[in-house]
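Q: Based on the provided sequences and hints, a complete structural model is requested.
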Amino acid sequence: MKTELMTSFLGYCAVINMGFLLLSTVMILIFKKQVIEIHASMFGIKEKKFPKMYFKYLANFKLLVIVFNITPYLVFKFIL
Numbered sequence: 002m003k004t005e006l007m008t009s010f011l012g013y014c015a016v017i018n019m020g021f022l023l024l025s026t027v028m029i030l031i032f033k034k035q036v037i038e039i040h041a042s043m044f045g046i047k048e049k050k051f052p053k054m055y056f057k058y059l060a061n062f063k064l065l066v067i068v069f070n071i072t073p074y075l076v077f078k079f080i081l
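Per the numbering used here, the sequence shown starts with residue 2, numbered consecutively.
No lab work stands behind these hints, which were simulated from the structure alone. Do not take every clue at face value.
List time: in silico DSS-like cross-link candidates among lysine-lysine, alpha-carbon distance up to 27 Å [claimed, not checked]:
| id | residue 1 | residue 2 |
| --- | --- | --- |
| 1 | K3 | K50 |
| 2 | K78 | K57 |
| 3 | K63 | K49 |
| 4 | K34 | K47 |
The following label-pair restraints were derived from C-beta to C-beta distances [what the hints assert, rightly or not]:
| id | residue 1 | residue 2 | range |
| --- | --- | --- | --- |
| 5 | G45 | S9 | 43 to 51 Å |
| 6 | E38 | F69 | 28 to 36 Å |
| 7 | I39 | M19 | 21 to 29 Å |
| 8 | K57 | F32 | 16 to 24 Å |
If you're wondering where the values come from, they're calculated on a predicted model, not measured in any experiment. Each residue gets a CB set at the ideal place from its N, CA and C atoms; glycine is no exception.
A: Laid out in structure tokens, this is it:
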């Protein structure tokens, strides 16, 4: 696979994943109470634990996007 194609692919992946991260963050912030109620009833977890779980989810997702999309994209950009 050509490096230009891979660079373009990783760039689009990074943009899509960062958009999804932004959307998830906004939805959790705006609809926090409703989302917690839904997840608490689905999984049987106490509502007090969810803010910490949401923070961990967002932090882990952001880290994965940086490691697997943004860092390789920047490396390919510097190679070209």
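Q: Could you run down the list of hints and mark each one as holding or not?
A: Results of checking the hints against the structure:
For the hint pairing K3 with K50, the CA-to-CA distance comes to about 46 Å; that exceeds 27 Å, so the pair is violated. The straight-line distance between the Cα atoms of K78 and K57 is roughly 30 Å, outside the 27 Å bound, and the hint therefore fails. For the proposed pair K63 and K49, the alpha carbon gap of about 23 Å is at most 27 Å, so the pair holds. Among the hinted pairs, K34 with K47 is consistent with the structure: their alpha-carbon atoms are about 13 Å apart, no more than 27 Å.
Distance hint check for G45 and S9: the Cβ-Cβ separation is about 44 Å, which falls inside the suggested range of 43 to 51 Å. Evaluation of the 28 to 36 Å hint for E38 and F69 yields a pass: the beta carbon distance comes to about 33 Å. The given range of 21 to 29 Å is respected by I39 and M19, whose C-beta atoms sit roughly 25 Å from each other. K57 and F32 have their C-beta atoms about 19 Å apart, which keeps the hinted 16 to 24 Å range intact.
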